[in-house]
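Visitor: Each chain, written out:
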Amino acid sequence: MRGLKWKLAGNALSLLVTVLLGGMLSATLVRLAPGFNADERELDPHLSAESVQALRNARHQDGNIFHFYFSYMQRAASGDLGTSLALGQPVRTLLRERIPLTLRLLTMGLALAWILTIALSLSAAWLRLSIYDTVTTAVSGALLCIPAAVLALLSVLWSVPGSLAIALIVFPRSYRYARNLLVKAYSRPHIIAARAKGLGESRILFWHVVPVVAPQLLAVAGVSVSVAVGAAIPVEALCGLPGIGQLAWQAALARDLPLLVNITIMVTLVTLLANSGADVIGSMVRGSETRQEA
Amino acid sequence: MSFWRKLACVLLMLTLGASAAANWLAPAGYAKQYREATDAPPSRDHWLGTDEIGRDRFARVLYGTRISLMLAPAAALLSTLMAAFIGGLAGYLGGAWARMAMAMTDLFLSLPWLFLLITARALMPLNVSPLVSVVVTFLLLGLLGWTAAARVLCASAASLRASDFVRQARAAGLPGQRLFWVHVVPNLKPVLYAQFWISIPVFILSEANLGILGLGVAEPMPSWGSLLRELEGLVSVREEPWKFVPLILLVIVVTSFQLLLSKQEEVAA
Chain U
4 MRGLKWKLAG
14 NALSLLVTVL
24 LGGMLSATLV
34 RLAPGFNADE
44 RELDPHLSAE
54 SVQALRNARH
64 QDGNIFHFYF
74 SYMQRAASGD
84 LGTSLALGQP
94 VRTLLRERIP
104 LTLRLLTMGL
114 ALAWILTIAL
124 SLSAAWLRLS
134 IYDTVTTAVS
144 GALLCIPAAV
154 LALLSVLWSV
164 PGSLAIALIV
174 FPRSYRYARN
184 LLVKAYSRPH
194 IIAARAKGLG
204 ESRILFWHVV
214 PVVAPQLLAV
224 AGVSVSVAVG
234 AAIPVEALCG
244 LPGIGQLAWQ
254 AALARDLPLL
264 VNITIMVTLV
274 TLLANSGADV
284 IGSMVRGSET
294 RQEA
Chain S
28 MSFWRKLACV
38 LLMLTLGASA
48 AANWLAPAGY
58 AKQYREATDA
68 PPSRDHWLGT
78 DEIGRDRFAR
88 VLYGTRISLM
98 LAPAAALLST
108 LMAAFIGGLA
118 GYLGGAWARM
128 AMAMTDLFLS
138 LPWLFLLITA
148 RALMPLNVSP
158 LVSVVVTFLL
168 LGLLGWTAAA
178 RVLCASAASL
188 RASDFVRQAR
198 AAGLPGQRLF
208 WVHVVPNLKP
218 VLYAQFWISI
228 PVFILSEANL
238 GILGLGVAEP
248 MPSWGSLLRE
258 LEGLVSVREE
268 PWKFVPLILL
278 VIVVTSFQLL
288 LSKQEEVAA
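If you read the protein sequences in the order shown, they are chains U and S. Quick note: the first sequence uses the numbering used here, first residue 4, plus one each step. Quick note: the second sequence uses the numbering used here, first residue 28, plus one each step.
Please note that a few of the clues may not be correct.
Short, incomplete list of chain S residues facing chain U, as computed with Cβ under 8 Å [to be verified]:
(1) L104
(2) L105
(3) L108
(4) L134
(5) G200
(6) L201
(7) W224
(8) I227
(9) N236
(10) G241
(11) V272
(12) L274
(13) I275
(14) T282
Listing some non-contacts, in silico: residues in chain U with all C-beta distances to chain S over 10 Å [claimed, not checked]:
(15) K8
(16) S81
(17) T271
To be clear about the criterion: a stretch of chain U counts as covered by chain S if any three or more of its residues have a C-beta under 8 Å from a C-beta of chain S, and this derived list gives those stretches [claimed, not checked]:
(18) 96-108
(19) 122-133
(20) 221-232
None of these hints come from the bench; they were simulated from the model. By construction, the Cβ of each residue, glycine as well, lies at the ideal position given by its N, Cα and C atoms.
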């Protein structure tokens, strides 16, 4: 229990440090990027000299990187994430409007991917038919060779939901690991002995296989969240889904760096939380397994 | 070598050969416009038809293949060298250096790859000349793609540092720098080669993703990514199946790499 507390504290600390470092790095990149101190609005002939000066003054305070970053953190603590340069709306409002759709898309996509992964890798481990194994491995391998953006385009072409595209992007990556883990677990001597003694398949699965593979599968699940978040960009951008991925793409095309910094920090947090969560649950499963063995 | 590996090797050689002979197979070049035949279907003059502004699609596929197949290995070389320097040195030095380098690596790894790429690409000017856009795209891939390889190399260098022959060399008074370059780096070569070859298909796919999203190689320069943008707005597969040729070629090349690299992946792991 004490070990778990230390792990939680360690994960929380690394989360905090990574977010701070990530934010600082993003802010530095924004500061160093070409065109940081330029604003297209200054070219508008309708603006008076005072308005142009006011725009310059508003930008001037962001000139110092430390001031830029600390004022950002200060504002962020009070819920103000700044204003998007391209869309002219508060970043917080933009994020709040788009997060639910992305969450739904990612949840559906990940659920579909993992149902497919578990079903196919379990059946591969149970059946142990070389032809079945070859076909499933070939299909997942072929999906790995198709760019995520092409899968998104094909989902538009064949009018299938974006969540299926996310699932097909995540599935081949998770299947490769899950299949290897399950096949290896089923070839362990004590499981072969249990089968020979006539133990039921479900009992073998839940009592002997799941506790062995669960921590590693959870780690893969954590990584698959990161893959799914990355896949959200092409899927939302090309399928016309107004989520965080599409917002990031629009911000990248418009070089709306304040918006990109906020999305970067948010995405870093989500992926780190997913990985830390998987790590902690994995440790709990490992701990309970060790206690059972003792 | 198995049948499938031989086939993959032949397909890769054929693709490389055809793209190298692009000047001879399509002498008109990738940017020439045939204004009397815009968006034309395949014909004797244009084997894969023309695009919406009348450029020969076959020529663009050949030149695009050349760009993708030449620059992806260059980016892979850059990322492998960076991984060798950061990961190898961190693993060899150990202690606080290794912890710091791996913390930085974890920071990069915690960001989804495509997300990191579009953010970094957006930091560069988007309205640059086509040649600069090619260099920027593949340079970014090389500069950002070293993290996973650095982790593997750090672990390999750390295990070498603890090995008997390195301890013996150190005890014999060999200077640290010489020990690193003469005894550690040569032993990291198998892992370095594996990481280099594994990175190539990853970078080909990443460039394709960036290109489709409009953040890759700029027009009129072709690349697999920019060629695949034509699939956007397609109504049905049967309507213009020849537009899928770049995708089929990309899948064949990446699959061939995967087939040839299955042993390299074991080394890298």
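Visitor: Determine for every hint whether it applies to the structure shown.
Guide: Consistency of the hints with the structure:
With 8 Å as the threshold, the beta carbon of L104/S stays out of range of chain U, its nearest partner Cβ sitting at about 22 Å, so the hint is violated. Taking 8 Å as the C-beta contact cut-off toward chain U, the hint placing L105/S at the interface is violated, the least distance being around 19 Å. This hint is violated: L108/S has a C-beta 22 Å from the nearest C-beta of chain U, more than the 8 Å allowed. Interface restraint check for L134/S: the shortest CB-CB distance to chain U comes to about 5 Å, inside 8 Å, so the restraint holds.
Proximity of G200/S to chain U is violated relative to the hint, the smallest CB-CB distance being about 39 Å (cut-off 8 Å). Because the closest C-beta pair between L201/S and chain U is about 36 Å apart, greater than 8 Å, the hint is violated. Residue-level restraint check for W224/S is violated (minimum Cβ-Cβ distance to chain U is 15 Å; threshold 8 Å). The closest approach between the C-beta of I227/S and any C-beta of chain U is roughly 13 Å, which is over the 8 Å cut-off, so the hint fails.
With 8 Å as the threshold, the beta carbon of N236/S comes within range of chain U, its nearest partner Cβ sitting at about 5 Å, so the hint holds. Nearest Cβ of chain U to the Cβ of G241/S: about 6 Å, under the 8 Å cut. The hint holds. A cut of 8 Å between beta carbons decides the hint on V272/S: the least distance to chain U is about 13 Å, and the hint is violated. Given hint, L274/S at the interface with chain U, holds; its Cβ is 6 Å from that chain's nearest Cβ, closer than 8 Å.
Evaluation of the I275/S hint against chain U yields a violated restraint, the C-beta minimum of about 11 Å exceeding 8 Å. About 5 Å separates the beta-carbon of T282/S from the nearest beta-carbon of chain U, less than 8 Å, and the hint is met. Even its closest Cβ contact with chain S, about 22 Å, leaves K8/U beyond 10 Å, as expected for a residue assigned away from the interface. Interface exclusion of S81/U from chain S stands, the closest Cβ pair being 25 Å apart, more than 10 Å.
The Cβ of T271/U does not lie farther than 10 Å from every Cβ of chain S; its closest approach is about 6 Å, which violates its non-interface assignment. Residues of the stretch 96-108 of chain U with a Cβ under 8 Å from some Cβ of chain S number 0, which does not satisfy the need for three, so the listed coverage is violated. With 0 residues bearing a CB less than 8 Å from a CB of chain S, the stretch 122-133 of chain U misses the requirement of three and the coverage assertion fails. A stretch counts as covered by a chain when three or more of its residues have a beta carbon under 8 Å from one of that chain; for the stretch 221-232 of chain U and chain S the count is 3, and the coverage holds.
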